[in-house]
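Number of protein chains: 2
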Amino acid sequence: MADTFPNPALLNALKLNDDGLIPVIAQDHANGTVLMMAWMNKLALAETITSGQMVYWSRSRNALWRKGETSGQTQRVIELRIDCDGDTLLAVVEQTGVACHTGRYNCFYRAIDTDGLREIEMVKIDPDKLYR
Amino acid sequence: MADTFPNPALLNALKLNDDGLIPVIAQDHANGTVLMMAWMNKLALAETITSGQMVYWSRSRNALWRKGETSGQTQRVIELRIDCDGDTLLAVVEQTGVACHTGRYNCFYRAIDTDGLREIEMVKIDPDKLYR
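Taken in sequence, the protein lines are chains A and B.
Going left to right, the first sequence walks through residues 1 to 132 as the working numbering numbers them.
Going left to right, the second sequence walks through residues 1 to 132 as the working numbering numbers them.
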């Protein structure tokens, strides 16, 4: 894997967790909205770099998760960044449609109030239409 | 702990990992910059909610990390949000000074280029001055 990884300097800076994963924050390049957080392994990161499309690692399916593969709601990479400790990535992306599987534009649609949770974003696309 | 947690609805929605932790993205409320990603446990989250200041859990020190405690670079909570799966938090904050221990405004100061890493942010405060 190290031999074929597209960016040796990145591979050197990268600190994966015990499961070989790194958290990745996706941020909309157009307006700065934090869309979601998911995980990549080396394979997903390599494919993200070479394809220019966000590819995560699905921990539930234990497989590559090419974002938008079934829903069409893809994320094109504008820029990838790595943090000071090398253990988190930030992906600045162009989001097609919505990022959240609930049909909302982003996944952080619940604000934490003093004594509960409050929805602050509407469903933009019926999730049944995204995954039929 | 559950008895004294300040927000039962949040506690119910919260999905901590096997170490009892949840990743927290801190975003600057003024300009949308993603400042850093760190971790909280229930204790850190409860104190964050009650104090209105960001309190993380330091995995290296295995202790509460009151952001800015030694450096003065505190983060005041503007809004906390939880994602669709309940396993990531987004904190919209007011950052005093700089977020990164390197003295940069944010931790994602290295862009991933085709064949290497490129620094895209300057050091704003000498880290020796932050931690003397």
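Because the hints were derived from the structure by calculation, they are not lab data.
Be aware that one or more of the hints could be misleading.
[Claimed, not checked] Straight-line C-alpha distance at most 27 Å; calculated DSSO-like pairs for lysine-lysine:
id: 1; chain 1: A; residue 1: K42; chain 2: B; residue 2: K124
id: 2; chain 1: B; residue 1: K15; chain 2: A; residue 2: K124
id: 3; chain 1: B; residue 1: K124; chain 2: A; residue 2: K129
[Said to hold, decoys possible] Here are the in silico distance ranges between beta carbons for each label pair:
id: 4; chain 1: A; residue 1: G20; chain 2: B; residue 2: K129; range: 35 to 43 Å
id: 5; chain 1: A; residue 1: R118; chain 2: B; residue 2: K129; range: 36 to 44 Å
id: 6; chain 1: B; residue 1: D126; chain 2: A; residue 2: H101; range: 23 to 31 Å
id: 7; chain 1: A; residue 1: Y131; chain 2: B; residue 2: G20; range: 41 to 49 Å
id: 8; chain 1: A; residue 1: D126; chain 2: B; residue 2: S51; range: 36 to 44 Å
id: 9; chain 1: B; residue 1: I78; chain 2: A; residue 2: P6; range: 37 to 45 Å
id: 10; chain 1: B; residue 1: E94; chain 2: A; residue 2: P6; range: 35 to 43 Å
id: 11; chain 1: A; residue 1: T4; chain 2: B; residue 2: G20; range: 35 to 43 Å
The model shown is predicted, which means the values in this text are computed figures rather than measured ones.
Note that the Cβ used here is the ideal one computed from N, Cα and C, for glycine as well.
> Can you list which hints this structure breaks, lowest number first?
Replying inline: Checked against the structure, the hints that fail are numbers 1, 3, 6 and 7, while the rest are satisfied.
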